[in-house]
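Number of protein chains: 2
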Amino acid sequence: MNKGFTLWFTGKPASGKTTLANLTAKTLIQRGLPVEIFDGEILRRELWPELGFSSEDRYKNARRIAYFCHLFNRNGVNCVVASIAPYQSLRRELREKLENYIEVSLQASDKTLRSRDSQGFYSAAGRGALKNFTGIDDPYEEPTDPDLTIYTDSDTEENSLELIITTLQEMNFLEPASADYSEAEKKQIDDRLRALGYL
Amino acid sequence: MNKGFTLWFTGKPASGKTTLANLTAKTLIQRGLPVEIFDGEILRRELWPELGFSSEDRYKNARRIAYFCHLFNRNGVNCVVASIAPYQSLRRELREKLENYIEVSLQASDKTLRSRDSQGFYSAAGRGALKNFTGIDDPYEEPTDPDLTIYTDSDTEENSLELIITTLQEMNFLEPASADYSEAEKKQIDDRLRALGYL
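From first to last, the protein sequence lines are chains A and B.
Sequence positions in the first sequence follow our numbering and run 1 to 199.
Sequence positions in the second sequence follow our numbering and run 1 to 199.
None of these hints come from the bench; they were simulated from the model.
Owing to the predicted nature of the structure, the values given are computational and were not obtained by experimental measurement.
Hints are not guaranteed to be accurate.
Identical copies look the same in the list; a pair holds intra-copy or inter-copy alike.
Said to hold, decoys possible - Each computed EDC-like pair below joins lysine to aspartate or glutamate, with the alpha-carbon atoms no more than 20 Å apart: (1) LYS60 <-> GLU46; (2) LYS187 <-> GLU99; (3) LYS60 <-> GLU41; (4) LYS111 <-> ASP137; (5) LYS131 <-> ASP110; (6) LYS111 <-> GLU157; (7) LYS3 <-> GLU183; (8) LYS97 <-> GLU46; (9) LYS3 <-> ASP190; (10) LYS111 <-> GLU46; (11) LYS97 <-> ASP191; (12) LYS60 <-> GLU50; (13) LYS26 <-> GLU142; (14) LYS186 <-> GLU103; (15) LYS26 <-> GLU162.
Work the whole structure out from these sequences, hints included.
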């Protein structure tokens, strides 16, 4: 059994973290890997709604996710995480804690971020109606040493996924796609896709 | 890959949950199974110290543990949990949420519980210096349908472990002990024992 990896998508709100995390998780499962996905916003809402958006609470949210990723990884289960992780010291901590940590930085222009923001978070934060909003009144420190940077202004979802897959292959976390799976493997892939709601 | 199980030790403070959970986890790993252990008190201290001992916070602590057990189980990793889970409705919820939930109820007389309480929690709670203490001023509802009950007044650790192992075998969650493991299996067992601090 190989040790698993944690692929962490960091980026400002609306930079594409959740979309690319799901696309990647689905693809990795289809490639035969065991995968769990953790979305920082979903865990906040479902498990620890008492956490707010202070710097301290942002650390807590990310640390809780990393704690479980570490356990999944040592059992050979790969984790895909969509969570802002806005501070460089926080991301450095993630890299230290997780043996196979892969950081994907998602970049997009302010114009693009605002245009995607269907729920109006950016404008609410701009008016001061939403506090501690990353990129407005809470800092987003640009990653200084990501394993991959994706510019979601120009990279399509398909291109972005290809960049991610290529990076994982180059880092030896993923083998080239297999042409054929056994019936048992196909069933397992379907079970995993179903468990994560992709089927 | 088989679905994993969650073996949940419920019982009052000092009933032996942590001791038996560790002994069981270690034994299951030695029998070749992937296992993670979750101790309610350790998770409270390390991950969510903001949770207190109100009824609501006890639900939250157990639900967070169960959330991750569910994910581990569906990836074939078995979970051993030491966490009071003092209410019948809470344990019913655990059984509903977890596909392979096995409840072990630990019972001991008040005299035995107090005699084991080296940190003086029972006497502090008795004096009113410690609030919401299970069995003193917070209820412990006796399990009505545990899969196994162990009386730790009279059952030794060795006997208790044997009861647990027999129960798991009878429920088809554990095969009879294998006589020989390959070198790769032995290495994996050692790695798992080391990861959990048993080696």
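A quick look at each hint next to the structure:
no.	hint	verdict
1	LYS60 <-> GLU46	both (15 Å within a copy, 10 Å between copies)
2	LYS187 <-> GLU99	between (30 Å within a copy, 19 Å between copies)
3	LYS60 <-> GLU41	both (13 Å within a copy, 17 Å between copies)
4	LYS111 <-> ASP137	within (17 Å within a copy, 57 Å between copies)
5	LYS131 <-> ASP110	within (18 Å within a copy, 51 Å between copies)
6	LYS111 <-> GLU157	within (18 Å within a copy, 64 Å between copies)
7	LYS3 <-> GLU183	between (25 Å within a copy, 18 Å between copies)
8	LYS97 <-> GLU46	between (24 Å within a copy, 14 Å between copies)
9	LYS3 <-> ASP190	between (22 Å within a copy, 15 Å between copies)
10	LYS111 <-> GLU46	neither (31 Å within a copy, 40 Å between copies)
11	LYS97 <-> ASP191	between (30 Å within a copy, 18 Å between copies)
12	LYS60 <-> GLU50	both (11 Å within a copy, 11 Å between copies)
13	LYS26 <-> GLU142	neither (27 Å within a copy, 43 Å between copies)
14	LYS186 <-> GLU103	neither (29 Å within a copy, 33 Å between copies)
15	LYS26 <-> GLU162	within (13 Å within a copy, 42 Å between copies)
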